[in-house]
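There are 2 protein chains.
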Amino acid sequence: MQVDQQQTLARIAADLEQAWNAADGEAFARRFTEDADFVNIRGEHFRTRPVIAAGHQAIFDSIYRGSVVRYEPAGVRLLSSSVLVGQIRGKLRAPSGPLAGEHDALATLVLVEEGDGWRIAVFHNTLVAGK
Amino acid sequence: MQVDQQQTLARIAADLEQAWNAADGEAFARRFTEDADFVNIRGEHFRTRPVIAAGHQAIFDSIYRGSVVRYEPAGVRLLSSSVLVGQIRGKLRAPSGPLAGEHDALATLVLVEEGDGWRIAVFHNTLVAGK
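Which chain is which? The protein sequence lines are G and D, in order.
Oh and the first sequence: position 114 is 114 in the working numbering, straight run, nothing missing.
Oh and the second sequence: position 63 is 194 in the working numbering, straight run, nothing missing.
Hints were generated in silico from the structure; no laboratory data involved.
Heads up, a few of these hints could be off.
To be verified - Pairs of lysine to aspartate or glutamate, DMTMM-like flavour, derived with a Cα cap of 20 Å: (1) D:K222 <-> G:E44; (2) G:K91 <-> G:D104; (3) G:K91 <-> D:D235; (4) D:K222 <-> D:D235; (5) D:K222 <-> D:D192; (6) D:K222 <-> D:E148.
What the hints assert, rightly or not - Covered by chain D, according to a simulated footprint, are these stretches of chain G (three or more residues, beta-carbon under 8 Å): (7) 4–14; (8) 40–48; (9) 112–123.
Source: prediction; values computed, not measured.
We put the CB at the ideal spot given by N, CA and C, even for glycine.
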């Protein structure tokens, strides 16, 4: 079971990474539930998959244009039979904009099992200080 | 049901607020599960209730000495029959230290139902930018 949990989180992290690096907001949001919550590193709260898709497309096309992210799973555990919680570490390289340079972040993801697999119900991200 | 969810989150927020303002790390951690995850505004990840208690006592006795927090629930929903996710807004006034002044934060809480009520399994906090 533990291995499956790790694989589930790793697969989702890989999908998010691929979508970010393709600058594709729709693909980034694809693994989220319809009513997902997303809190970004500025403490801004977005709700629903379409809003998360549009918000990411907007940053991919502006402040994060040309940026590259790498996500690494950093722990996962089961909260109930259909709810997983995990953490992923993100390393972002942005060529320009307010976050130009390399930055680390730590995100908590809450995953829920839906008919077609595990989806992200909650994504909450924080910039790691002192980097 | 929705009212009960809101009351559950509001009660926990009130308990956390009271513990913070009493500078009592043990009391702050009392509503967490034994194996809880806590991510602070610096992106630091702490695990287990005793570690969360000790970590909070350390900041209550140093950088946050004399600080006052106010928490406001900002949404809650059910992820499964025994898992709730909610957000709370925190407004912190710190008289001194690196965060001297007033700061806003947004936290995601994941609550699980245990034998004696709802507990915090996950707390992830982010400072709201531009405040």
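Hints, verified against the model:
1. D:K222 <-> G:E44: 15 Å, holds
2. G:K91 <-> G:D104: 5 Å, holds
3. G:K91 <-> D:D235: 25 Å, violated
4. D:K222 <-> D:D235: Holds. K222 (chain D) to D235 (chain D) sits at ~5 Å (cutoff 20 Å).
5. D:K222 <-> D:D192: 19 Å, holds
6. D:K222 <-> D:E148: 10 Å, holds
7. 4–14: violated (count 0)
8. 40–48: holds (count 6)
9. 112–123: Our answer is that it holds, as 3 residues pass the Cβ test (under 8 Å) against chain D, meeting three.
Going down the numbered hints, you'll see the structure goes against 3 and 7, while the others check out.
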